[in-house]
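Engineer: The lines below spell out each chain.
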Amino acid sequence: AQSVTQPDIHITVSEGASLELRCNYSYGATPYLFWYVQSPGQGLQLLLKYFSGDTLVQGIKGFEAEFKRSQSSFNLRKPSVLWSDAAEYFCAVGGYGNKLVFGAGTILRVKS
Amino acid sequence: DAGVTQSPTHLIKTRGQQVTLRCSPKSGHDTVSWYQQALGQGPQFIFQYYEEEERQRGNFPDRFSGHQYPNYSSELNVNALLLGDSALYLCASSRSGFEQYFGPGTRLTVT
Numbered sequence: 001a002q003s004v005t006q007p008d009i010h011i012t013v014s015e016g017a018s019l020e021l022r023c024n025y026s027y028g029a030t031p032y033l034f035w036y037v038q039s040p041g042q043g044l045q046l047l048l049k050y051f052s053g054d055t056l057v058q059g060i061k062g063f064e065a066e067f068k069r070s071q072s073s074f075n076l077r078k079p080s081v082l083w084s085d086a087a088e089y090f091c092a093v094g095g096y097g098n099k100l101v102f103g104a105g106t107i108l109r110v111k112s
Numbered sequence: 113d114a115g116v117t118q119s120p121t122h123l124i125k126t127r128g129q130q131v132t133l134r135c136s137p138k139s140g141h142d143t144v145s146w147y148q149q150a151l152g153q154g155p156q157f158i159f160q161y162y163e164e165e166e167r168q169r170g171n172f173p174d175r176f177s178g179h180q181y182p183n184y185s186s187e188l189n190v191n192a193l194l195l196g197d198s199a200l201y202l203c204a205s206s207r208s209g210f211e212q213y214f215g216p217g218t219r220l221t222v223t
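Residue numbers (our numbering), protein chains in the order written: chain A, 1 to 112; chain B, 113 to 223.
Just so you know, these hints were derived from the structure itself, not from any lab. By construction, the Cβ of each residue, glycine as well, lies at the ideal position given by its N, Cα and C atoms. A hint or two may mislead.
Label pairs and their computed distance ranges (CB to CB) [as the list claims (entries may be wrong)]:
{"#": "1", "chain 1": "A", "residue 1": "11", "chain 2": "B", "residue 2": "189", "range": "21 to 31 angstroms"}
{"#": "2", "chain 1": "B", "residue 1": "192", "chain 2": "A", "residue 2": "53", "range": "19 to 29 angstroms"}
{"#": "3", "chain 1": "A", "residue 1": "111", "chain 2": "B", "residue 2": "182", "range": "28 to 38 angstroms"}
{"#": "4", "chain 1": "B", "residue 1": "125", "chain 2": "A", "residue 2": "12", "range": "29 to 39 angstroms"}
{"#": "5", "chain 1": "A", "residue 1": "9", "chain 2": "B", "residue 2": "211", "range": "20 to 30 angstroms"}
{"#": "6", "chain 1": "B", "residue 1": "174", "chain 2": "A", "residue 2": "29", "range": "35 to 45 angstroms"}
{"#": "7", "chain 1": "A", "residue 1": "69", "chain 2": "B", "residue 2": "150", "range": "44 to 54 angstroms"}
{"#": "8", "chain 1": "B", "residue 1": "210", "chain 2": "A", "residue 2": "69", "range": "35 to 45 angstroms"}
So here's chain A without its partners, still in its complex pose (with noise of 0.2 angstroms):
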């Protein structure tokens, strides 16, 4: 079965300061794997994609994210947080043309 795990309900860091979003995902075949932000009352804005090659990828908004195959990983990182940062972001996996499978999310506040 497919599925995404994200451990962190809720994460606070300070301005400035590093960021790891964990992603841990479940899927039969290669998987294509996402990360999208939503501000409260808002659409999904994707931010950075893997579908194969290079396992770090880059994003928008500085982000980036390593793909772990041998620990079903999908971490999103950013070395400096900005207060706008805040945001719910989600983690999905899916394949060429099929649906996507999201995590509950993590809330990020971040502290000035």
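Assemble chain B onto chain A, guided by the hints.
Structural biologist: Leaving out everything else, chain B in the frame of chain A:
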């Protein structure tokens, strides 16, 4: 270039009523997927339309149905509304299976 658009933004319905939500995909996209996001949860896949046909379906009852038009726009219909259908309904479009881009959603409240 307009992104994915959805209408209406908000909707309030009564139990037992029917509702239709609309989605226009991003220019150049031919595939539309619908997701339901209940409060405090991640989006759940409802179904996907490609070439005017339902290509995949998630674990939702037949009360949820859809349609895709030749211009790739799509509708989501929900019959016999239940209180549990209250959620944010998200439409996502993609180009033949590549990454999905989401619209702002329609907030449906069932009273």
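Engineer: Are the hints correct? Go through all of them and say.
Structural biologist: A quick look at each hint next to the structure:
1. Separated by about 38 angstroms at the C-beta atoms, residue 11 of chain A and residue 189 of chain B break the suggested range of 21 to 31 angstroms.
2. In this structure, residue 192 of chain B and residue 53 of chain A break the distance hint of 19 to 29 angstroms, their C-beta atoms being roughly 47 angstroms apart.
3. Taking 28 to 38 angstroms as the suggested C-beta distance range, the pair residue 111 of chain A and residue 182 of chain B does not conform, at roughly 51 angstroms.
4. In this structure the hint that residue 125 of chain B and residue 12 of chain A lie 29 to 39 angstroms apart at CB holds, the actual value being about 37 angstroms.
5. For residue 9 of chain A and residue 211 of chain B, the hinted distance range of 20 to 30 angstroms is satisfied, since their beta carbons lie about 26 angstroms from each other.
6. Checked against the hint of 35 to 45 angstroms, the pair residue 174 of chain B and residue 29 of chain A fails, with Cβ atoms roughly 28 angstroms apart.
7. For the hinted restraint 44 to 54 angstroms between residue 69 of chain A and residue 150 of chain B, the CB-CB distance of approximately 31 angstroms leaves it violated.
8. Look at residue 210 of chain B against residue 69 of chain A: about 21 angstroms separates their beta carbons, and that is not inside 35 to 45 angstroms.
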